[in-house]
Every structure is written in structure tokens, then in C-alpha cells.
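These protein sequence lines are chains R and D, in that order.
Oh and the first sequence: position 415 is 966 in our numbering, straight run, nothing missing.
Oh and the second sequence: position 406 is 957 in our numbering, straight run, nothing missing.
You may find that some hints are simply not true.
[Said to hold, decoys possible] Facing chain D, from chain R, some residues (calculated, C-beta under 7 Å): (1) 679; (2) 690; (3) 692; (4) 694; (5) 739; (6) 896; (7) 907.
[As the list claims (entries may be wrong)] From the structure, some residues in chain D lie toward chain R, with a derived Cβ separation under 8 Å: (8) 580; (9) 596; (10) 677; (11) 829; (12) 831; (13) 843.
[What the hints assert, rightly or not] Which chain R residues stay away from chain D? Per the calculated CB distances, all over 12 Å, these: (14) 659; (15) 678; (16) 725; (17) 757; (18) 822; (19) 860; (20) 863; (21) 900; (22) 906; (23) 942.
Because the hints were derived from the structure by calculation, they are not lab data.
Heads up, the beta-carbon is just placed ideally off N, CA and C, and yes, glycines get one too.
Protein chains: 2
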Amino acid sequence: MTQTTSLLRTTRLDNGLQVVTERNPSQRSASVTWLVPGGSACDPLDRGDGWATLLSEFLLRGAGELDSRGFSDALDRLGMRRSVTADTYHQHVNATLAGGELLAGLDRLVDLVRLPRFPEAALDAVRSLCLQELAGVEDDPASYAGIRLDEIRFPSPFNRHGFGEKEHLEAATLSDLQSHWNEVARPDGSILAIAGDVDHDQVMELLEARCADWSGIGPTPAPASAAIGGRLGIERDTSQVHVGIGLTGPVASDPDQLAFRTAIGVLGGGSSSRLFLDVRERRGLAYSVSARYSEGFALGACTISAGTTPERVAETLERIDAVLEEFDAGPTDEEVTRIAVGLRAGGLMQQEHGPARARQLALDIFRRGHARSTAELLTEFDGIDADDVRRVVSTRMGPSWRAEASRCLLGPANVIAEVGGTGA
Amino acid sequence: MTQTTSLLRTTRLDNGLQVVTERNPSQRSASVTWLVPGGSACDPLDRGDGWATLLSEFLLRGAGELDSRGFSDALDRLGMRRSVTADTYHQHVNATLAGGELLAGLDRLVDLVRLPRFPEAALDAVRSLCLQELAGVEDDPASYAGIRLDEIRFPSPFNRHGFGEKEHLEAATLSDLQSHWNEVARPDGSILAIAGDVDHDQVMELLEARCADWSGIGPTPAPASAAIGGRLGIERDTSQVHVGIGLTGPVASDPDQLAFRTAIGVLGGGSSSRLFLDVRERRGLAYSVSARYSEGFALGACTISAGTTPERVAETLERIDAVLEEFDAGPTDEEVTRIAVGLRAGGLMQQEHGPARARQLALDIFRRGHARSTAELLTEFDGIDADDVRRVVSTRMGPSWRAEASRCLLGPANVIAEVGGTGA
Numbered sequence: 552m553t554q555t556t557s558l559l560r561t562t563r564l565d566n567g568l569q570v571v572t573e574r575n576p577s578q579r580s581a582s583v584t585w586l587v588p589g590g591s592a593c594d595p596l597d598r599g600d601g602w603a604t605l606l607s608e609f610l611l612r613g614a615g616e617l618d619s620r621g622f623s624d625a626l627d628r629l630g631m632r633r634s635v636t637a638d639t640y641h642q643h644v645n646a647t648l649a650g651g652e653l654l655a656g657l658d659r660l661v662d663l664v665r666l667p668r669f670p671e672a673a674l675d676a677v678r679s680l681c682l683q684e685l686a687g688v689e690d691d692p693a694s695y696a697g698i699r700l701d702e703i704r705f706p707s708p709f710n711r712h713g714f715g716e717k718e719h720l721e722a723a724t725l726s727d728l729q730s731h732w733n734e735v736a737r738p739d740g741s742i743l744a745i746a747g748d749v750d751h752d753q754v755m756e757l758l759e760a761r762c763a764d765w766s767g768i769g770p771t772p773a774p775a776s777a778a779i780g781g782r783l784g785i786e787r788d789t790s791q792v793h794v795g796i797g798l799t800g801p802v803a804s805d806p807d808q809l810a811f812r813t814a815i816g817v818l819g820g821g822s823s824s825r826l827f828l829d830v831r832e833r834r835g836l837a838y839s840v841s842a843r844y845s846e847g848f849a850l851g852a853c854t855i856s857a858g859t860t861p862e863r864v865a866e867t868l869e870r871i872d873a874v875l876e877e878f879d880a881g882p883t884d885e886e887v888t889r890i891a892v893g894l895r896a897g898g899l900m901q902q903e904h905g906p907a908r909a910r911q912l913a914l915d916i917f918r919r920g921h922a923r924s925t926a927e928l929l930t931e932f933d934g935i936d937a938d939d940v941r942r943v944v945s946t947r948m949g950p951s952w953r954a955e956a957s958r959c960l961l962g963p964a965n966v967i968a969e970v971g972g973t974g975a
Numbered sequence: 552m553t554q555t556t557s558l559l560r561t562t563r564l565d566n567g568l569q570v571v572t573e574r575n576p577s578q579r580s581a582s583v584t585w586l587v588p589g590g591s592a593c594d595p596l597d598r599g600d601g602w603a604t605l606l607s608e609f610l611l612r613g614a615g616e617l618d619s620r621g622f623s624d625a626l627d628r629l630g631m632r633r634s635v636t637a638d639t640y641h642q643h644v645n646a647t648l649a650g651g652e653l654l655a656g657l658d659r660l661v662d663l664v665r666l667p668r669f670p671e672a673a674l675d676a677v678r679s680l681c682l683q684e685l686a687g688v689e690d691d692p693a694s695y696a697g698i699r700l701d702e703i704r705f706p707s708p709f710n711r712h713g714f715g716e717k718e719h720l721e722a723a724t725l726s727d728l729q730s731h732w733n734e735v736a737r738p739d740g741s742i743l744a745i746a747g748d749v750d751h752d753q754v755m756e757l758l759e760a761r762c763a764d765w766s767g768i769g770p771t772p773a774p775a776s777a778a779i780g781g782r783l784g785i786e787r788d789t790s791q792v793h794v795g796i797g798l799t800g801p802v803a804s805d806p807d808q809l810a811f812r813t814a815i816g817v818l819g820g821g822s823s824s825r826l827f828l829d830v831r832e833r834r835g836l837a838y839s840v841s842a843r844y845s846e847g848f849a850l851g852a853c854t855i856s857a858g859t860t861p862e863r864v865a866e867t868l869e870r871i872d873a874v875l876e877e878f879d880a881g882p883t884d885e886e887v888t889r890i891a892v893g894l895r896a897g898g899l900m901q902q903e904h905g906p907a908r909a910r911q912l913a914l915d916i917f918r919r920g921h922a923r924s925t926a927e928l929l930t931e932f933d934g935i936d937a938d939d940v941r942r943v944v945s946t947r948m949g950p951s952w953r954a955e956a957s958r959c960l961l962g963p964a965n966v967i968a969e970v971g972g973t974g975a
């Protein structure tokens, strides 16, 4: 355990860039997650909704001395798998490659973050792609129901789906994007995590050389208004009815976070959970039903999702309510043990998968202020206590928690009319 | 390299069960993939289309001395993540757990395969869930277009989507399912692969004790009729238009397989491929466009997919055709090198991810007759030769290959009327 801990190293550059590496002596690949400020919540609300997604497209289209094609070829020659995607807070620059190519690859990623080319010739194609993605949002009913739930459950600017507004995408200019990126992509607020075949000192040497003249503080979005809340019904001519229920939860840095996570696991995590056994296994009411908890930086969230049929939706909703009410009494000791064992096993597996580990290290630093070693994680899981979980259920959940739930229902018009809520 | 090879061990029991393990000394988790005959192509065509999916549901609902709840609790106590899913040929029993619990977990999985309980009380719920899943198939337009393409491109019984026929699901009895499973789930044709923290001798000792009295040969489905082929248009009121083009390809055991895979990589694998650069990056015609190759046991397949808009679909199809025609001249040396480097990097990463590695070991044995060590895989990738790839392009692809393509288009009625093909 001591050995594992010592393989985790963190350094903060003078300019604020945080770097964490975890060497895994048995791995020959290295996985990178670089969080750079500039997620969808950083988009200017009034005219730039969608800039983050345009940026994700642009960042892989040439950087430093290389044009789009040349940059892509260079990464290919390194055998680098890569992607750039935006979440609420950051652009996630992800890469995996052989450890022997890590430094050469990192050099290119510094170009990507600091010197993207924003080729004029690509603007029409990039815009067209983002508009297409936006137009396709409604085609997948399950994910669309989730998007619309987020819209009512979260305060602005955290309630945006990230695909942007049509008008804003159409109006964005190259100089809008360049100056926005120049403003947000700053070292203070950036977190670079590397797991696998990595040498911390070599990485730091490269970063000192390439990032010493980079400076400034990236934005940290904060809630700008209250959530809309309530119930939303969306009429769609689908075979299934999609149910989404949004509840609150602790943020990652909250001391109750792990007990809350355990409670939600008992409620709706996997095939032994109360919701699964009651709604799916015993009654066959819904093909899928689950509760999941996402710890966040500014907002924690618990989401209950179900996919059912028009004939069964009313009973499905009744049973979900009943299971939630019964849960006020809290989980049994055995249920808590089951979830703790599962979390421990999941922690071990994640440790062994480079890309998942890099992502976790980066998000740990962002959300908690420090990266947890595997030993530390496992110790946390071993310390899960049933009484503590019941305390958290009685203080953080219960009738008032349930009363504040937002709900989104997507399905045929007659279902929405019967059980639906406000039309949309 | 020699060391890596020696960590791979295979044993064939007298009853035909094939076992492959690959010890990874650095991993503390063990990942299991157990292929058991009984996939969708084993379903009786005339009355049992969907039995495989009903079986996947039933197999986790109690086995040996444990009822559904007890079985689930027992697996949870082992910290085992598990799933049972059916593909064309097999039920895939997948599990990951801490290495220290592997033998106890394997003991339960033997129960699952050999002694499933098929509880009468679960039949209504299982049937209802499978009917719901079937009803939901059309709700996701992209995957539905793929399903309908498979229906016309592959010969029966390989052209079924696996969700079953409504009438067959409704008519299935418990004794149908029990006797079908009893018939198909036989050791000869079963392949058990374990990667990670595993001791081959201990595994074999357990299997000898538990499976010595198991006997018989599982079915190996074969094509029963010619494919329908042609062009299919599906009218749907979607924002996007989904294009699927089905072409043939070599099976896994074909010596041309790797050269063909490389060629398809150049054509449509990733962001430097010809299709991506031409259709997406340069022209912004389609949000997604790719070509992928799936080596199979009885059938290999190459699939070109694109998601575009009604206004752009005609030009998208034209450009795909043009890129395919230009590709008759074969890839450049540089393109081949790029794909070979990527395959090599991907091979390394897969090796380090237990669940992916277990799956590959099992499928290797099924499709090729033997499991490849990582060293063997990397040697294959290092041997990729541009002239050989061009030879395969000129002999296995080209005008006659393209002429036999099947095509499925899903989108608004006016698009289908204009560019679509036979209505559906």
C-alpha cells in the first residue's frame, strides 16, 4: 500500500497549472486527461451558448507549426488515441499512447491547448457539424429526456445541454472563439493527470520548458439563478416512456458524500438495488430502472431513471414513490456491506484501467482539491459504516428532499396528458 | 516477450470445454468471459426467435441451491460485477471481481451455466421486459437503421436482431426455455477465458471437480439461406438521416484478415481516415461517418455508417461513393503505417484492461481456434505490409465488391422518396 501511494506525485507550477502523475510499473501505455477551463458553463449566456462545443471541434484541427492534416498525422504517428470533449466546466483533452511516446505526445498536447490554429477554412464545416449535432439531440428520446430534466433541475448556467443554441452557433465568428479560448484556457484552473507508464520528473521538465510563460486564471462558473424545478411532460410518438426524476445530493467535498453514495447504491445501483428488485425484477414494470449519484464540484445530483411502456408508466411511478418512501427508514447493515464491497471492487478495477484512472485523478483534484491514491480510496470504502449511512439518509433525504424533486416524462400524448405535468 | 507468452495457458477438458487464462502479475482483479452456445442464431427459427434474450434474463435469476435473491446477494458479497448477454452464437457470461474471490465466483458461475433455476414466478416479469425491449427497438433511429441493414445484408439465421419476435416471446413457456438451454449449453463449444489475477491450475482443479460430469456438443449455427440484399428505405420523422452500407469482408481465420482490417482503417477508421477527412472534416456533410470491419466466425462484414441531415444526404452518398471508388487504387505506404501504429497501440492498451482482454482471448479461440498472446499480436501488427494491403484491396474490394453492397436509409419521407430505395 505504501508503495502504491508513493507512485502518486503532484506538482503545482508557479502559474497555477496542477500536475498529477501515477506511475503503474506494469503498464506500457500512458493515459492523459487534461482539464482546461472552457466548458459549457463558461460560454457567455447571452450570445455564446455552444462556443464550448465549437472549441472542442477546433482544438484538434491544427496547432503550433502544424496544420489540421499535419497535426492529425503527427498524433497518428505516435499511435495516440485522442479526443476533446467539453463538459460543464472544462474542455477534456484525453489521450492514450505507448509510454515511450508520452513526452513527444505531451509536447503536441501543449500545442493543442496553447497554440491551436483555428483555421478559417474549417469554420463552415465545424459550424455545420455542431448544428447537425444540435438538430439530432431530439432523435434519441432517452437522452433527450435527460437533457430536458437537467434544464429544469439545475440553476443556470449548469442547466445547459452543451450542444448550444442554434442562433449562437450560426453567429459565432472565428475571432469570438479565439478570444474566448484565449480568455478561458489559463493555467490556474487547469489540471493535467497522467496514469500508467509515466515519469513525473520528465513530465515536469517538459512542462516547465513549455508552460513557464503561460499565465492567468481560468473562470470557475457559479450558479447564476435558481432552478426552474417542477414537472415537465414532453409529447413524443415513442414506444417507450422515459422517466427522469432529479433530486439533490452532496457535492464531492462534502463529508457526507460517501455515505450518500452508498445510500443511493442501495436504492438504485445495480441488480440487487431496491428499485431494480421492486420495479423490474419482481413486477417487470420497466425495462430499465436505476438511481445514480453524481458528485459534482458546485452541485451534487441524484437521478432516478426508468424506461417503461405507456400501459405501465402510472404503476411504475407509484412503485418508485413507494420505494423512496420506504427508504426513509434507511438501509440494512447487509445492504450497506454489499455496496461497500462493490465500491471497493470497482475502485480496484478502475485503478488498473489507465484512461479511467487518469480521469479520476484529474477530477479528484478539481472537486476535492487533492488526488486520492488507491490505498486512500480503499481505506475510505473500508470505513463505510451502516449507522453513518442511516444518519445521512435521515438528515439528507426523506420527505422534504423528495418534495423538491423535479420530474421529466417523455412519451405519447395520452400518457403525458394523464400523468405528465406541464406540456412542452 | 517470452515471459508474456508463458503467462497464457490453455487447457481443453475431455468433455470439450476450452479454458484459457492469462495471468497478469500486476493486476489484483480477475475478468471472466464465458462463451456458452445459445446465441440468437441458435433460436429455433419457426417458433423460438427471442429465446436467447429470455435466457440471458433468466440465467442471473437463481442457480444451484440459491434462489434469485440469494444468488444475487452471493455475487454481491463477492464484489462481482456481472452480466449475461446473447450475441449471435453464444451467451456471454461476463464477470469481474477481486482475484482473491475468483474461485468462489467461478463456482457460482458454474451453477449459473449448469444449474439455472428458471423460477416460474419470474416468467411474467422476464417476458414483459423482453417485450418492452423489443418495443423500444425503433425508438433509437441510429441503432434501428443498423438492425434493419443487418436484416437484409446477412443470410438467415445471422440476420436477426436478437430481440425476438413478439409472438414467439409471448408463446414461450418455461419448459421451452429449460429444454432449449439444456440442449445448447454444452461443454463442447463452450470457451472460458480469464485474464488478470488468475492461477490456471487452481481454475482447472475447480473445473475438473465441477464439470467432469458435463457432456455434449453445443450447436454451431450455419447460414440457412441467401441474404436478401438490395436497398431499404425507412420513413421516420427524424432530424437526422441515418445511412448504413453493408459490404462483405474476410472471416477471422482468413489469411487476408489483417490486411483487410488495415485497409478499412485507412478508408474509415478514425479522424485521419479518407471518409472522415472528405465527408466530415473538409465538407462538414455528416456529423459522423466511419467504416468498420468486424471479423466474424462464419461471416466477416464491413459497415459504412453516416449520420447527416436531409439537405446533405444526397451529397453525402455521392462523396462516400467517390471515396470508395478512389480507394480502388489502394492506400499509400504512409496510410498503412499510420493504421499499423494505431493497431499496435490499441493492442497494448487492450492487454492492460482485464475485461477487454478476457473477451479477446475467448473470441480468439472461437474464431481462430487458438488464443494469441500479446507478443504474437504485436508481431502480427509489426508485419503489416503496404504491398500486401494493396494486393488485398485489389483482390477483395473494388467494383464487384461495391456492387454487392446493401444499403439502408432512415429519415423523413421526402428524403426516402428521393434517394431511398424500397420502402418499408
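Status of each hint after checking the structure:
no. : hint : verdict
1   : 679  : holds (4 Å)
2   : 690  : holds (5 Å)
3   : 692  : holds (5 Å)
4   : 694  : violated (9 Å)
5   : 739  : violated (31 Å)
6   : 896  : holds (3 Å)
7   : 907  : violated (9 Å)
8   : 580  : holds (5 Å)
9   : 596  : violated (25 Å)
10  : 677  : holds (7 Å)
11  : 829  : violated (11 Å)
12  : 831  : holds (7 Å)
13  : 843  : violated (15 Å)
14  : 659  : holds (14 Å)
15  : 678  : violated (7 Å)
16  : 725  : holds (15 Å)
17  : 757  : holds (20 Å)
18  : 822  : violated (6 Å)
19  : 860  : violated (6 Å)
20  : 863  : violated (8 Å)
21  : 900  : violated (5 Å)
22  : 906  : violated (8 Å)
23  : 942  : holds (23 Å)
Checked against the numbered hints listed earlier, the structure breaks hints 4, 5, 7, 9, 11, 13, 15, 18, 19, 20, 21, 22; every other hint is satisfied.
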